[in-house]
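Peer 1: The primary structure of each chain is shown beneath.
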Amino acid sequence: MKKNINFIMKYKMEDLLSMTFRMFQKIWKDSVKISVLFILPGALAYGFSFIYFFNFFLKYITKINQNPGDIRILINFLTAYGLLFLGMIIYILLYTYVSSVISYKSFKKAHNEDIDIKECAITVFKEKFGRIFLQGLLKTLIIIGIEIIFIILIAICTFFISYSTINILMLLKIMMILTIILLSIGFIAVIFWLSYSLIFSKEAILYDNLGVIDSLGKSFNLVKKNWWRVFGITYLFNLMMSFLANMIISPLLIFAILPIYIKIITGLINNKIDEISNIFSNMFFYIAIIYGVMILIQSVIIALFNPVFKSLFYLDLKVRKGELEEAVKDIANDVKEEIIAT
Amino acid sequence: MKIDENDYKGYFEKEGKNPILASFILILLIGALYFFIQSLIVYTYRIIDYVIYRDKYINTFDFIEAVKQIYQRYKYPLLITLFICQFGILLFPTIYLFKRWHFKNTAKYFYLKNFDLPAVILSMIGALSVIPLVDLTSRISFYFFPILKKLSEAVTPLFSANNNPLEYALLIIVIGLTPAICEEVVFRGYFQRTLSRKIKEPWHYILSGFIFALYHQRPLGILALTLVGVYLGFIYYRFKSLYTSMSAHFIYNTTIVLIMNLSFLNTFLENNYTPILLLSSSLFIINGIIIFLYSLRKKFKKEDEYLITSETENIS
Chain V
1 MKKNINFIMK YKMEDLLSMT FRMFQKIWKD SVKISVLFIL PGALAYGFSF
51 IYFFNFFLKY ITKINQNPGD IRILINFLTA YGLLFLGMII YILLYTYVSS
101 VISYKSFKKA HNEDIDIKEC AITVFKEKFG RIFLQGLLKT LIIIGIEIIF
151 IILIAICTFF ISYSTINILM LLKIMMILTI ILLSIGFIAV IFWLSYSLIF
201 SKEAILYDNL GVIDSLGKSF NLVKKNWWRV FGITYLFNLM MSFLANMIIS
251 PLLIFAILPI YIKIITGLIN NKIDEISNIF SNMFFYIAII YGVMILIQSV
301 IIALFNPVFK SLFYLDLKVR KGELEEAVKD IANDVKEEII AT
Chain X
1 MKIDENDYKG YFEKEGKNPI LASFILILLI GALYFFIQSL IVYTYRIIDY
51 VIYRDKYINT FDFIEAVKQI YQRYKYPLLI TLFICQFGIL LFPTIYLFKR
101 WHFKNTAKYF YLKNFDLPAV ILSMIGALSV IPLVDLTSRI SFYFFPILKK
151 LSEAVTPLFS ANNNPLEYAL LIIVIGLTPA ICEEVVFRGY FQRTLSRKIK
201 EPWHYILSGF IFALYHQRPL GILALTLVGV YLGFIYYRFK SLYTSMSAHF
251 IYNTTIVLIM NLSFLNTFLE NNYTPILLLS SSLFIINGII IFLYSLRKKF
301 KKEDEYLITS ETENIS
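Listed in order, the protein sequences are those of chains V and X.
For the first sequence, position 164 (counting from the first letter as 1) is numbered 164 according to the numbering used here, and the numbering increases by one without interruption.
For the second sequence, position 64 (counting from the first letter as 1) is numbered 64 according to the numbering used here, and the numbering increases by one without interruption.
Isolated chain X, as found in the complex:
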């Protein structure tokens, strides 16, 4: 018998099943696969590299230089791997499992139907103003442990566009756009959205932001990543729109790529760091208040309550 799509409820939406548990299982499953396959590919590159450039490895004692050279040699394969893994392991399996475990209508569940231009602009302003704050956390760790700065410089070839417009386009697509789509669908659209069905504000976006940070497996960047994750969760929940967090994530990543490549921008930031930090921190707080008030005025919340009360009927 053909199942009517409107009546469809996935495995974890049936009576006695817990959708929150499903969201944790999915995050673990997708995360484990993502890192496993990605590291398998990266280690294959390293082995090939070792076989081809064995003499260089034996004669080189500079660790940073060796890592830099690897990133230079394998820049394009690494970027392509990242692109494929983000879509192939993060995005598509999440959508597949969501449909299998929850509902058929992904767009409505992930809030992909609500587009509000002022909300998107406010989110992007917030993302820009959070960058100096995130940079501050890096500066603090560099101040105490200068060697980390040297270590972070080893990955710069991966983000370098070499003043080539095509390379800029590639970096913006792979580093800016791809995570903005894939990670937002997984962490905000699916994970946080599912948590918000049972867990109250602000705990669902604090939890999802923290797990977003842990998920990146960069222990020294946990504070900065949690800040970004919570901010993205906040705007997603307030505006009930995935476009807001996607655009904020995109502008955040792209700006970092541009700062790394455009020397005049970098110099300007270095020379005016303190005023920029103070200005952006103030802007971040004011923008947060505006987002809060704007979201109340537009009554995004009311719409969500309607979804929660008779959720299963409406989502499917």
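If we strip away everything but chain V, and leave its shape as in the complex, we get:
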């Protein structure tokens, strides 16, 4: 009786890492297929919009300095920025969808349920993706909202020091500077604290079928008292994945655009932005496609491991919080019955 045996134990860091790679071995073919299929358009959209924006930026950076009041430049800039934003949104949506499907598949696999990837994709799209999208949006808004409070406070303090007409005391000035430093630290700390506290909200929707608000609460409760562990292991894992992606991507990227790369470096060294801008204008499609493909490879590498890792971590946290005690008891009973029967 090996059913459900994968998730009844508390994992150590080694367990999480090794099980992630083992799980990857089991589902990598399906994961690669779905990743390439869905992330490709997103990566190309992002690649094209980014290169377009970058090209625009290089082309007009001198003109903006020359004609700071020219409204056409501002409109063009906003258009390029809007396109970049659109490209990013398409990419993020598709990436989130793919990672949700892989996560769902690995969750099912952890329960020894072999479910077809197409079925996973349909289930996630029909039943869960709307909520996943909303929780992502809500999470971002919460974080931005809290950060705005910090920004306002920092701005008030800075304004007070810089523009105050009253000749304020030196001690008060020092206190204000200290407050700004503390608020800046708080600004960064809150980003980390919130994003890691709400890190499992997507998994809560996928596995426990919770609503948008409940999923955030669930993630918060699971991470509570385990924050440092979650932060440490997840951050380390993300670093590892970025390092792996960089190791593969940077030589590929540089060799794919070697002559262009050399020209860009030459332009940078000689401080000739016009030359770089011309390269980007003349070879726009080539550079954008190469860049898109690189984003695709990088995203696929991360999408293959990250959702698997997070799904295992989610189960581990549930065990630690005693939420799977019933499941453990059931398995123990099953094993007992099996032994008696044999």
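If you're looking for bench data, these hints aren't it; they were derived computationally from the structure.
Built from N, CA and C at the ideal position, the CB exists for glycine as well.
What you were told as hints is all true, and nothing was included just to trick you.
Once the Cα atoms are required to be at most 25 angstroms apart in a straight line, the calculated DMTMM-like pairs of lysine to aspartate or glutamate come out as:
1. V:K272 - X:E153
2. V:K263 - X:D135
3. X:K9 - V:D15
4. X:K68 - V:E275
5. V:K12 - X:E13
6. V:K26 - X:E13
7. X:K17 - V:D114
8. X:K17 - V:D15
9. V:K263 - X:D62
10. V:K26 - X:E15
11. V:K109 - V:D15
12. V:K173 - V:E147
13. X:K68 - X:E270
14. V:K59 - X:D62
15. X:K149 - V:E275
16. X:K17 - V:E113
Negatives, chain V to chain X, calculated, CB over 12 angstroms:
17. L37
18. H111
19. I115
Since chain V is already given, all that's left is putting chain X on it; use the hints.
Peer 2: Same frame as chain V, but now just chain X:
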């Protein structure tokens, strides 16, 4: 209950676990931490530098000159950072994780007990003869893209000893000795040694050499670094001794530092480049054959087979 050290098997040595997977995880983990912390420190230096010398940045348009100046100003902090990161992030965590994941006896596993003087000398000769070959790859890229030569000149202040014996000593310790110890323990002693338990020759040292090259994150130097990595892996496997690859790595790095600093050596190499290249290439091949034959004669391989057949019992 106290665990007997002889019975100890780490997490990835237990039944059903894969030590090869452990070696890849460790390389990724250590590499990610190493580059992350190192770049965090280097960027802090840059920010401090920008705050202090803001006017210089605004008035300077020469990119190479600006980079050169940064390296000149922060030469000692950068060298000390490199030294601390190599030991603190590469070496010690590797040993700690090895003991946690594999066995207690690091010296035996990493082949730190076998010292053979002729093997060390042969390895060092090979390392010296590989330098002109590595230099050839740089020359080819400089020929096609001359700007890269200018770019590489930007880092010269970091390796400059300024004819000062103390600076020579510092450079030899930080650039020559430190990577020779730390990188060899990680890449040959641990990574390649673990790969060789399941992967056959020559694939384990080709793979570890390639990953050694990728790990340095210098895309244009991949060919040269792979050549060096494979050579170091080859001697390590043939002689079953970490001292051979450590000494070869040390002599390789130190010679490069000396060539960069001693102008007469540099001039001599420039004036006689073609004969030196031909001579060293021939020497490299002949030395490789001698290493191969010598390793067979000394039967280092037999000892290794003994280790693999009853590996867990013997290593621990």
